[in-house]
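Q: Going down the list, the protein sequences come from chains A and B.
Numbers 1 to 151, taken from my numbering, label the letters of the first sequence in order.
Numbers 1 to 194, taken from my numbering, label the letters of the second sequence in order.
Be aware that a few hints might be false.
To be verified - Residues from chain B shown here face chain A by an in silico Cβ test under 10 Å; the list is partial:
no. : residue
1   : F37
2   : I55
3   : Q65
4   : R102
5   : Q103
6   : D107
7   : V113
8   : L115
9   : A138
10  : V142
11  : L143
12  : E159
13  : I161
14  : E168
What the hints assert, rightly or not - Here are the simulated DSSO-like cross-link-like pairs (lysine-lysine), alpha carbons at most 27 Å apart as the crow flies:
no. : chain 1 : residue 1 : chain 2 : residue 2
15  : A       : K58       : B       : K180
16  : A       : K58       : B       : K136
17  : A       : K147      : B       : K180
18  : A       : K122      : A       : K58
19  : A       : K58       : A       : K147
20  : B       : K180      : A       : K122
21  : B       : K58       : B       : K180
22  : A       : K122      : A       : K147
None of these hints come from the bench; they were simulated from the model.
Glycine is no exception: its CB is placed at the ideal position from the N, C-alpha and C atoms.
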Amino acid sequence: MRGADYDQNGETIMKNGGMIFTMDAIMAIVVVFLAIIAAQTQMRVAELNYWDSMYSQKLANDVIAALDEQGVLATLDAAAIESNITNVLPDNYEMWAEIESYTTDLVVNRTIAIGQEPDAGKPVVSGQRMFVSGSDYIDYYNIIRFKVWLD
Amino acid sequence: MLDILDCRRFGKTLDCRSKTAKGQIFSTDLMFAASVFLILLAFVWYSWDDMQYDINRKLELSDMQNYALSISDALVMTSGSPHNWTLDAENAQSIGLVTLPRQISQDRLDALVALPYDAQREKLGSGRFDFWLAIKTANGAVLSSTGSTPAGNMQVGLERIVVQDGEERIVNIVLWEDYKSSFVSKGMYAGSGL
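Chain A extracted, bound-state conformation (with noise of 0.2 Å):
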């Protein structure tokens, strides 16, 4: 704080010098304050990210094995095939998948559509798989296209 100063009346002007100091003061915690709100902010966001991203796609990917294993994409069968994701998938995740279908000859046979697609600008996690159908040769070849999200 500064000493007390005289203007030409001898009167003192030491306030108008503490209210300089005061609003410097004010000012400086301010800044910091909203860079403290800032990383925050910026904390959160990071975090959820990350692990929504990875267990979604590890999830993902689970759920499409198991299909494959289990022979349910084999059948081509978009009911059914729909009805195995909704049975395994937690509850608060959402999956759409598009099934694109080859003949041995490489010629697109068929596409398959399962569930609905994400609502734009919905951030998803996506991925494909390829598989082979058929009775007792190879028919087809497949790919399976999907993507999951969190409801």
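Add chain B to chain A, keeping to what the hints say.
A: Just chain B now, with coordinates in the frame of chain A:
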């Protein structure tokens, strides 16, 4: 009381003021400035403290999530080490429940369940966290479980989908601990049960 006068000359006029009065004005101003400063400083201190606590808690949670993911991967994607660890489970280096990725083996599960809890923790590598593991059917019925029932205030649970004898199974892993932050500078956190 005798006032000490501070006199200054302005032309022909001698202006005398009480030093005591000036001191009071100065003190009021200083007190006001200091009060505002201290109040704001208290806010910043509180926020900083809060953020430190938040950071510690999030780091702990993140650590727990990483452990949960890696344990789940080891269980459902690997057969363990050595491959035939079920023959001498006490000396297994790591535990895996599957023979092929995501195809769970009942023998391996039984061998894990038979181990004492501390040995299970060591082989699974759950670190300082307690764990609970359950094998469930697709509709949620628990077929088998082991570990310590989750009880702490910080828990991370995840589910992995596997196949056992052609049936879908859910491997449910929960890591937990009774979290006490090492950064406890505010009374509100001590004994708050967080």
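Q: The structure should be examined with respect to each hint, and the outcome stated for every one.
A: Consistency of the hints with the structure:
1. F37: holds (5 Å)
2. I55: holds (7 Å)
3. Q65: holds (5 Å)
4. R102: This hint holds: R102 (chain B) lies near chain A, its Cβ roughly 5 Å from the closest one there, short of 10 Å.
5. Q103: holds (7 Å)
6. D107: violated (19 Å)
7. V113: Constraint on V113 (chain B) not satisfied, violated at 22 Å.
8. L115: This hint is violated: L115 (chain B) lies away from chain A, its Cβ roughly 25 Å from the closest one there, beyond 10 Å.
9. A138: Cβ of A138 (chain B) sits 5 Å from chain A, so the hint holds.
10. V142: With a closest approach of 15 Å, the V142 (chain B) hint is violated.
11. L143: Violated, about 15 Å.
12. E159: holds (6 Å)
13. I161: holds (4 Å)
14. E168: holds (5 Å)
15. A:K58 x B:K180: violated (30 Å)
16. A:K58 x B:K136: Since the Cα atoms of K58 (chain A) and K136 (chain B) sit roughly 18 Å apart, the hinted pair holds (cutoff 27 Å).
17. A:K147 x B:K180: violated (38 Å)
18. A:K122 x A:K58: holds (19 Å)
19. A:K58 x A:K147: Within the cut-off at roughly 12 Å; holds.
20. B:K180 x A:K122: Cα-Cα ~36 Å, so violated.
21. B:K58 x B:K180: Given pair K58 (chain B), K180 (chain B) holds - Cα atoms ~12 Å apart, limit 27 Å.
22. A:K122 x A:K147: holds (11 Å)
The earlier numbered hints that this structure contradicts are 6, 7, 8, 10, 11, 15, 17, 20.
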